[in-house]
Amino acid sequence: MEKFQRGKGNGLTDLITSFWQTYNTLIYTIFVHGMLALSIYITLACGQLSLGNAAFMGIGAYTSALLTMKMNAPFGLSLIAGGMMPAAVALIIGIPTLRLSGVYLAMATLGFGEVVRVAFLNMSITGGSLGLNGVPLKTELWHLVLVIGIFIYFFIRLRDSRFGRILEAINEDEVVASVMGIKTTYFKVWAFTIGAFIAGVAGGLNAHFTFFISPREYGFEPAVDILTFAILGGTRTLWGPLAGSTVLTTLPELFRFLGPYRLAVNGLILLLVVLYLPNGIVSKETFKNIKKIFNGSGCLN
Amino acid sequence: MRLSDKIMILSLIFIFTASVSLAADIKIGVAEALTGPIAKYGVPIKNGFTLAVEEINAAGGINGNKIKLIIEDEQGKKEEAINVFKKFIFRDKVLAIFGPTLSNSAFAADPVANAGRTVVFGTSNTAEGITAIGPYVFRNSVAEADILPRVVSIAKKKLGIKKVAIMYGNDDSFTKSGYDVFKKAVEAENLQVVATETFSKGDIDFSAQITKIKGLNPDAIICSALVEEAANIILQARKLGIPASIHFIGGNGFNSSKLSEIAGKAAEGAISGSPWFLDDTNKKNQSFVKAYRKKFSSDPDQFAAQAYDALYIMAEAIKKVKFTGDLEKDRTSLRDELAKVKNFSGVGGKFSFNENRDAEQKGRVLIVKDKKFTIFSE
Amino acid sequence: MLKLENIAKDFGGLRVLNGVSFEISEGQIFGLIGPNGAGKTTVFNIISGLLKPSSGRIIFNKSDITNQPPHVVTEQGISRTFQNIRVFEDMSLLENILVGMHRLFSYSSVSMFFDLPKKKKEEKQLREKAMDILSIVHLTEKADLKAGGLSYGEQRKLELARALATEPKLLLIDEPAAGMNPAETEELMNEIKLINKNGYTICLIEHDMKVIMGICGYVAVMNFGEIIAEGSPEEIRKEKLVIEAYLGKDEKSA
Amino acid sequence: MFLQQIANALALGSVYALFAIGFTLIFGVLEVITLAHGAVFMVGAFAGLIAVTRFNLGIIPAILTSMLASGLLGFIIDFVAVRPLRKKKYHHLAPMIATIGCATIITSISQGIFGAEAYRFPFDFVPTKSYEIGDIQLTLLQLVIIGISFSLMIMLILLLKRTKWGKAVRAVAENRRTAALLGIPVERVFQITSFTSSALGGAAGVLTGLNFNAIHTYMGGPILHRGIAVIILGGMGDIRGAMAGGLILGFSEIMSVAYISSDFRDAISFGLLFLILLIRPSGIFGKVPERKG
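Residue numbers (the numbering used here), protein chains in the order written: chain A, 58 to 358; chain B, 294 to 671; chain C, 895 to 1148; chain D, 534 to 826.
These are computed hints drawn from the structure, not numbers from a lab.
Each hint should be verified, as a subset may be incorrect.
Stated by the list, open to error - No farther apart than 25 Å at their CA atoms in a straight line, the calculated lysine-lysine pairs in the DSS-like style are these:
| hint | chain 1 | residue 1 | chain 2 | residue 2 |
| --- | --- | --- | --- | --- |
| 1 | A | K345 | C | K1012 |
| 2 | C | K1036 | A | K240 |
| 3 | D | K620 | B | K558 |
| 4 | A | K341 | C | K1040 |
| 5 | C | K1023 | A | K240 |
| 6 | B | K665 | B | K583 |
| 7 | D | K662 | B | K664 |
| 8 | D | K662 | A | K345 |
| 9 | D | K622 | A | K345 |
| 10 | B | K587 | B | K612 |
| 11 | B | K456 | B | K477 |
| 12 | D | K620 | A | K349 |
| 13 | C | K1014 | A | K240 |
| 14 | C | K1036 | A | K341 |
| 15 | A | K345 | C | K1040 |
| 16 | B | K633 | B | K643 |
| 17 | C | K946 | A | K240 |
| 18 | B | K577 | B | K532 |
| 19 | B | K576 | B | K662 |
| 20 | C | K1040 | D | K620 |
Stated by the list, open to error - So the derived list for chain D, only partly shown, Cβ under 7 Å to chain A, looks like this:
| hint | residue |
| --- | --- |
| 21 | Y623 |
| 22 | I630 |
| 23 | T637 |
| 24 | E665 |
| 25 | T696 |
| 26 | G699 |
| 27 | M769 |
| 28 | I793 |
| 29 | D796 |
| 30 | A800 |
| 31 | F803 |
| 32 | F807 |
| 33 | L811 |
| 34 | I817 |
To be verified - Ranges of calculated distance between the beta carbons of each label pair, as one might list FRET restraints:
| hint | chain 1 | residue 1 | chain 2 | residue 2 | range |
| --- | --- | --- | --- | --- | --- |
| 35 | D | G591 | B | K587 | 33 to 39 Å |
| 36 | D | L673 | B | Q485 | 31 to 37 Å |
| 37 | D | G716 | A | A145 | 53 to 59 Å |
| 38 | C | K1014 | A | L198 | 32 to 38 Å |
| 39 | A | G159 | C | D984 | 17 to 23 Å |
| 40 | D | I609 | B | P428 | 51 to 57 Å |
Where is the CB? At the ideal position from N, CA and C, for every residue including glycine.
Okay, chain A solo, but in the shape it has when bound (with noise of 0.2 Å):
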């Protein structure tokens, strides 16, 4: 029955719109999850594990959220808040907590990432686990693109600077760098602090295209999601975390066909991925991979 799908203008624009149409969520999501996989990376570029990065994307995200709603603050600011929020908190619980190392560092921050989670629950003003309804839509592709923008900038800038040496000296051998005479916890504190403002930054964009935030999407999942984001993509540079939250957001959506077996293949595809290319998918093994698929031995081996 065509009467159901008659299209309108020419062919190609329509195609466009409706990709856009379609698809606009989507890549915001693509966005917000750079932002993340972003934000765990400077903590991993300075050898620090942490899993509260998806509970300083719920301060964020609430902090930001609350302050449209109740507040009516302008966007840009209500943003800003929400990066700065995350980060006071980030400085406050860093100071103790980035004394332990590896794992127990880990745990520390999943320890607080579960508080920070059942707070949300049981405060009134983020409506419990009902939730914030009703969050204004504000973020639009550009905002998007900005803020993302301005992150990368900083990387990039960070690489050859005294603070992105710093931190790579202190991921390197984090007591040569102490005998370097850095004060390695100072610094540690700064990356952690920076990762919870750029987590916060993208929980409140992410707030303002989904009109509803709840305390379940900041819990011990989403934070293993956003670990998964960085290592898949390679840590090595800051284009592997990106490469990797771009992978991991798009092969749902493109395996939608596949219906109940999308996340058999998810999980297949993320094995093979850590399997072939083990140090990440933006990684030497993968140029060296590629250079020899041109150079015509064509094999991954």
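Given the coordinates of chain A, assemble chains B, C and D onto it according to the supplied hints.
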């Protein structure tokens, strides 16, 4: 032929047939959680829809047109729900949408449908404020706000309850909404609340809460929980020595044959309220339950029943729509027709939309007897 | 310049250092020798703040640096190298040096973000300075290579240069000649002497007696966590205890 | 009431502990946080269920079947996802991400087979007897669970202490390079560890299924989350630590509900872990590494 070639060809054929078959039908999108922890609610809903569609199409469709469901998994995640809704509205160009499973996702995705002037019909969203999102948002999920106060009041009268303890899942909007209604009802009936205890989704051990409640000797325990948790709570309560004379009172979550299946004898005497229950003897329900069991070899639950009814309600409205061929106009006239649905008779009895596009349906107070829900009071 | 007073250290009930006291005076090349497990590296770890002494005091240039964290000790003017080489393998040689020099940078994160002239100027100046430091250990041509790709001896030298980059007054060097061939060792001795001449006080842990005898002005000998002898290399050579504990064995095998 | 709550905490804590000892053993030996352990737990529960409903096995044979099934699954996960990544120096979290992939695949397949709904063991199969001691209600089942959990844990400790393989496992955990030099077949030890740990995870799954009557595809999620907390609290890789950690978590969950508020149960439990870590940065039984030059 290599395996990869076969897969490619098969998927091409699949896409081809899919697109051909789509072109000739009335397309309705179904966005439910079909994978992930929420799938246990999403799958029966999907089953309800598919069963109803098969029946309608087998009977010749609506005015000769077949209904084609496009079913997508939204995993119980809000971004996924939004993505699916947009795909339905802009790419699949569906006439209307059913779903999503959770109220949380509905708050995120329903505004998309409303802005796209496409009817979205929720069958399992119970949170307050869903239909306030906009004029295109409908639901037939039982408004617990109407039924639960009756349940409480009848239980009080018939069982002489004075003191109650309340348990609910506080990280889930379904159970939290149910709790809010219960709390008001309990206050209205002047019942004394000796304890309010919470638990989280996925919890399996409730012994601490139950032990605490046991020490406070309530006359009944009000429990806003989904069925797996509810059954476990009841079972553990009996094991910990809370006698069968202390009844459990619950909302929609109780209304499933799983309750007795999991809790067994312990579930006897559990009280709930709903317009629909499995063993209701009305003819429509009998044939629905029979067909459902045959097709899916399990009992339908309330979610499946509501989905089944929702599809018939939708079909009733579609029947009256005069199709113009302009999708936007057709969607709007469907909305108008749907809002007019009154006195539809389904598996859950008489149904009408009220002026807020919410369900208006008479609920009955139910009690478990011999592992089955029976009417405690009409 | 540096004075250790009665330093003791216990590891889980096991006493590894006992009443270690010595003094290093300005301009010296001070040698700390002793058999494996005598506690020499532990002494370095305590001086540099990586370990806390169980008791005792450390005075550096009249200020008490006992229990100070490593970065404060470095700020006071003590730098060190490690026995098991610990260069930043994934960073270039130049970057390794720049990390050592990080205290000389003063530009803010704002000038970093906007790439302000102050940052550009400072980076340029300090990179030049870093090249100068690399030239002391003859590694300028490899400045842009990754440190992990260097040979063993080169990595030792890089570590030395990196320690120098922190602008220390006192340099603690842990077994610099380990794993080097005689020619490399010779070159290293000259470099250390040169560094010393440029005004750095040096404290050296070394097994190679040739190095100790060749460059040290003063030597302390450790065994079982205690200082058993100290004096000029010649005096030490004659000390009976030392010969028994350490040198005797060494001379036989040599 | 207090005593009853202690009994409740013991029953809950012993399941946590049983889940966590396998989890921590893998970490101690393979140095991998295997996020597939929750999926293994779930598969164990279903294997036990099938053993009972299809093959009419008794409780002990069912547990053994489930241990065998989940042990094999653990072996396969190790073989497919972890083994290829230990050969070279990769990002130390790569194996963990690979196990996430495995977990996704396993749960997805499980949903394909069993659907999303919850199952339980047949009523006549589950012992319903309960004992009243003073005010305390103890079910036979609870006693069985506490008993089986502790005997499995003690068996594991004895295996590690007394047997040749146990010694090899401990040597590899201590330092795999030295162990290899000593002629210990390290690869084999990894496989045995994966099998044993997963078998214990599967046993925890059956016991949970027996006691709490909720066997479903996604049952591994919440316990995985808590298991991570438990093993880190106890000190990574330390079996006594995992046991203590499991009991502490069980107690803190139960007692915070009993005496503070069920609203804040998770915040209190995880907040407590957070504080313990600040005081003991390597967990309760973890060695505090001194910084060395």
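| query | Given G699/D as an interface hint, is the shortest Cβ-Cβ distance to chain A below 7 Å? | reply | Hint violated; G699/D Cβ to chain A Cβ min 24 Å, cut 7 Å.
| Does the CB of D796/D sit less than 7 Å away from some CB of chain A? | Holds: closest Cβ of chain A sits about 5 Å from D796/D, inside 7 Å.
| Does the Cβ pair K1014/C, L198/A satisfy 32 to 38 Å? | 34 Å, holds
| query | Are G591/D and K587/B spaced within 33 to 39 Å by their CB atoms? | reply | 35 Å, holds
| query | Holds or violated: are the alpha carbons of K341/A and K1040/C at most 25 Å from each other? | reply | At roughly 14 Å apart (the allowed maximum being 25 Å), K1040/C and K341/A satisfy the hint.
| request: Have a go at the Y623/D hint: is there a Cβ in chain A nearer than 7 Å to its own Cβ? | output: OK, holds: Y623/D within 7 Å of chain A, min 4 Å.
| task | Determine whether the Cβ-Cβ distance between I609/D and P428/B falls within the hinted range of 51 to 57 Å. | result | 54 Å, holds
| message | Would the hint linking K946/C and K240/A be met if the CA-CA limit is 25 Å? | response | 17 Å, holds
| request: For the pair we were handed, K622/D and K345/A, check the Cα-Cα distance against 25 Å. | output: 17 Å, holds
| field | Satisfaction of hint between K349/A and K620/D, Cα-Cα up to 25 Å | value | Satisfied, since the Cα-Cα distance of roughly 22 Å is no more than 25 Å.
| said: Holds or violated: K345/A and K1012/C, Cα atoms, limit 25 Å. | reply: Not OK: K345/A and K1012/C at ~39 Å, beyond 25 Å, violated.
| field | Interface restraint verdict for I793/D against chain A (beta-carbon cut-off 7 Å) | value | 12 Å, violated
Hint compliance for this structure: hints 1, 2, 3, 8, 10, 18, 24, 25, 26, 28, 34 are broken, all remaining hints hold.
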